[in-house]
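> Make a model of the complete structure from these sequences and hints.
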Amino acid sequence: EAGVVQSPRYKIIEKKQPVAFWCNPISGHNTLYWYRQNLGQGPELLIRYENEEAVDDSQLPKDRFSAERLKGVDSTLKIQPAELGDSAVYLCASSPGTSGGYTDTQYFGPGTRLTVL
Amino acid sequence: QQQVKQSPQSLIVQKGGISIINCAYENTAFDYFPWYQQFPGKGPALLIAIRPDVSEKKEGRFTISFNKSAKQFSLHIMDSQPGDSATYFCANGRSGYSTLTFGKGTMLLVSP
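If you're matching them up, the sequences are chains A and B in order. Numbered according to this note's numbering, the first sequence spans residues 369 to 485. Numbered according to this note's numbering, the second sequence spans residues 3 to 114.
No wet-lab data here; the hints were simulated from the structure. Keep in mind that a hint or two might mislead.
Said to hold, decoys possible - In silico negatives: residues of chain A with every beta carbon more than 12 Å from chain B:
no.	residue
1	I380
2	V423
3	E436
4	V441
Claimed, not checked - Straight-line C-alpha distance at most 27 Å; calculated DSS-like pairs for lysine-lysine:
no.	chain 1	residue 1	chain 2	residue 2
5	A	K446	B	K106
6	A	K379	B	K73
7	A	K430	B	K106
8	B	K44	A	K446
Keep in mind the model is a prediction, meaning the values are calculated, not measured. The beta-carbon is built from N, C-alpha and C at its ideal position, and this holds for glycine as well.
In structure tokens form, the structure reads like this:
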């Protein structure tokens with residue numbers, strides 16, 4: 369079974385430029401998560417989707433971050449404009465979404481390492 | 003976000019030794035406590051998880067010990083191997099919510 373796919377794996381941009389990350393979850397997984405992981409820290413949730421609906425985006429900096437999950441499958445996370453403090457690894461995860469949520473195993477992709485210069 | 007406090011920040015253990023990582027949580031409403039393992043350049047992967055209706059769960063060389071009254075849980079890695087060298091994150095979750103809150107991680111190095 370293919371895992372969570374993310375692209376690109378690495379991205380270097382200058383501040384104030386836009387950037388987008390793409391995620392393809394495990395087939396059949398209804399729940400999709402975007403996390404940000406700063407160096408030496410644990411993942412922090414940015415947004416969670418149940419199918420097409422964003423059900424938890426309380427930690428998403430909405431002035432510059434946006435996300436979408438068209439047709440309840442692939443998802444894109446965008447930053448515009450990027451700031452120096454956005455340098456981090458952006459992780460996508462998915463889970464089946466069949467057991468009521470909280471005990472679902474989350475399967476993480478390898479992440480996109482963003483460097484903002 | 004509710005915090006989960008993890009210690010130590012880093013740990014060096016000799017091959018064959020026992021690695022112990024501790025976590026403390028705040029809110030007794032949390033009832034799901036997983037540990038994730040992350041290798042460099044990879045995403046975290048679920049290692050083992052426990053619910054508070056049991057005090058211990060063992061899977062191979064990995065054991066979670068849970069102390070509900072102290073609001074603490076720990077990961078024990080028996081017979082630690084160099085291949086166990088990774089960063090370990092504790093987390094907690096709550097019934098009805100899919101969101102997990104992660105600790106800051108412990109970088110484990112098992113020396114040959």
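> Give a verdict on every hint.
Quick rundown of the hints versus the structure:
1. The Cβ of A:I380 lies farther than 12 Å from every Cβ of chain B, with a closest approach of about 16 Å, so its non-interface assignment holds.
2. Its beta-carbon lying about 8 Å from the closest one in chain B, A:V423 breaks the requirement of being farther than 12 Å from that chain.
3. Under the 12 Å C-beta cut-off, the non-interface status given to A:E436 relative to chain B holds; the minimum distance is some 19 Å.
4. The claim that A:V441 is not at the interface with chain B holds, since no C-beta of that chain comes within 12 Å of its own (minimum 18 Å).
5. Distance hint between A:K446 and B:K106 is fulfilled; the C-alpha atoms sit about 25 Å from each other, no more than 27 Å.
6. Taking the CA atoms of A:K379 and B:K73, the gap is about 40 Å. The hint is violated against a cut of 27 Å.
7. For the proposed pair A:K430 and B:K106, the alpha carbon gap of about 24 Å is at most 27 Å, so the pair holds.
8. For the proposed pair B:K44 and A:K446, the alpha carbon gap of about 21 Å is at most 27 Å, so the pair holds.
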